[in-house]
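With the sequences and hints as input, model every part of the structure.
Listed below are the residues making up each chain.
There are 2 protein chains.
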Amino acid sequence: MKKVDLADCPVCSKLEIDDEGAFLDDLKCSIKVYPKNELIIRQGDLCDALYLLTNGSVKTEMITENGNVLGIEIIKAPRPLAPAFVFSENNRLPVDVTALEEVEIMKIPKAEIMRLMTTNPDFMSSFMTHNANRTQFLINRLQLLSIKTIKGKVAHFLLEQVIDSKKSFSINRNQTELADFFGVARPSLARSLSEMVGDNIIAINKKEYTVLNSKGLRELLV
Amino acid sequence: MKKVDLADCPVCSKLEIDDEGAFLDDLKCSIKVYPKNELIIRQGDLCDALYLLTNGSVKTEMITENGNVLGIEIIKAPRPLAPAFVFSENNRLPVDVTALEEVEIMKIPKAEIMRLMTTNPDFMSSFMTHNANRTQFLINRLQLLSIKTIKGKVAHFLLEQVIDSKKSFSINRNQTELADFFGVARPSLARSLSEMVGDNIIAINKKEYTVLNSKGLRELLV
DNA sequence: TTCAGAGTGTAACAACTGTTACACTTTTAT
DNA sequence: ATAAAAGTGTAACAGTTGTTACACTCTGAA
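From first to last, the protein sequence lines are chains A and B. Taking the numbering used here, the leading residue of the first sequence gets -2, the next gets one more, and so forth. Taking the numbering used here, the leading residue of the second sequence gets -2, the next gets one more, and so forth.
Among the hints, erroneous ones may be present.
Same chains, same label: a pair holds when it works inside one copy or across any pair of copies.
Unchecked claim - Straight-line distance between alpha carbons at most 30 Å, and here's what the computed BS3-like set of lysine-lysine pairs gives:
id, residue 1, residue 2
1, 212, 145
2, 204, 145
3, 203, 145
4, 145, 163
5, 145, 56
6, 204, 33
7, 56, 29
8, 56, 164
No lab work stands behind these hints, which were simulated from the structure alone.
This is how it looks when you write it as structure tokens:
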């Protein structure tokens, strides 16, 4: 497991940690390691601390009432997990968190977070910004789910990945996970994808996706 | 327009305002009144301040890329509007906000919010809690949208309204707005509703909904 | 009161998606 | 290297939803 620098963490970067060891001692936090595929957090668990993913990567997903799985996101260290819920009134986590590889998680008590927030305005500010970005992410997720056709969802998703006109990129989800992410059935997604390939709108090679006809893609949104 | 007490506001209640007039002067905020049906905030507008709904009620909705409307929520004063986005990196508001009646909105500059956050831990705490609750709301919205059948969505929604075994309640949305809320077409929703009424699972009288067979409702979730 | 507009019920049809099933390929673990 | 597991492509069919269209009811304003 490679060492991750806390300075890269969106909420911890402003902590100006001179001596990370001393800081961590001071913080009264605990660190725990989970093996690959372990269920780290269960939907409904109480959230009385901030979970900081310090090493590895995890996926979060919701189990809906009808038993279906809705993939939410894939998180890479260093980043906090569901930071907003430390402060919620019903502080139960709404998602399952599963280790995608061996991961290390730091648990910081709520009281410590409160202390950091009040004593360190920079920490507070970046914590707020991070939460705001998470909200934006959820809104975007909402928008994706509200698109009614599968091809529309795929188009929305792929167009989002096109950065600086780079038409090729790799998606770190297999087809089953992608179907969960879109909230659709796997064979239905496969059908839509293969039709889009047949229409020369996109090309797929394993997890490498290429946009061949972005005008055509955009038309699928309508 | 009836007077609303800021003490009822989820984020302002902890401000311990002795003299509201003096407090507001001090806060360097501005107040604006909008007539019924006015579009107060446009999707994509920059958000450089905290908008506080001090009187009246508004609805928020997203216009999706395919031109469809996705209803998000109905907000009654006093409550902040999209508080999270003041701190986001891309601080553009993702929703349209429309006045449902004559409303009064207080605009508090970001700098003032920062000042309140750092000087008033109680304010900060309730601000955080409120944001967390909003996140929970969005997650719930996500869950609703991920349900694949319309009857399932209706069941989820109605079962949520059953509080303390009260099987009757009124929904403050008409059928068109409800369809937008679920992200489905209006005639499709009407069909599903009328089938559920025909099966004696629910009864509808104008905006008054009654759950007749909650076991049957729950089965629609599966 | 009356009329215009908004909201609702419903139908027929097309389009899309889910389900189930199975063969095939790729990856992973031993 | 090999078997087991995971992932993918595809087909047929049923089921659900969207679209469009129109008649009807209700509401609020003049």
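Between the shortest in-copy and the shortest cross-copy C-alpha distance, which are at most 30 Å for residue 212 and residue 145: within, between, both, or neither? both (19 Å within a copy, 29 Å between copies)
Is it within a copy, between copies, both, or neither that the alpha carbon of residue 204 lies no farther than 30 Å from that of residue 33? Answer is within: at 21 Å inside a copy they meet the 30 Å cutoff, but 50 Å across does not.
Is it within, between, both or neither when you check residue 145 against residue 56 at 30 Å Cα-Cα? both (25 Å within a copy, 22 Å between copies)
What label fits residue 203 with residue 145 when the C-alpha limit is 30 Å: within, between, both, or neither? Cα proximity of residue 203 and residue 145: in one copy and across copies (26 Å, 28 Å).
First find the shortest C-alpha distance between residue 56 and residue 164 inside one copy, then the shortest across copies, and answer within, between, both or neither for a cut-off of 30 Å. within (26 Å within a copy, 38 Å between copies)
State whether the alpha carbon distance between residue 204 and residue 145 is at most 30 Å within one copy, between copies, both, or neither. Classified as both: same-chain Cα gap 24 Å, cross-chain 27 Å, threshold 30 Å.
At most 30 Å between C-alpha atoms: does residue 145 with residue 163 qualify within a copy, between copies, both, or neither? within (27 Å within a copy, 34 Å between copies)
Given identical chains, is residue 56 near residue 29, meaning Cα to Cα at most 30 Å, within a copy, between copies, both, or neither? within (17 Å within a copy, 44 Å between copies)
The structure meets every hint from the earlier list without exception.
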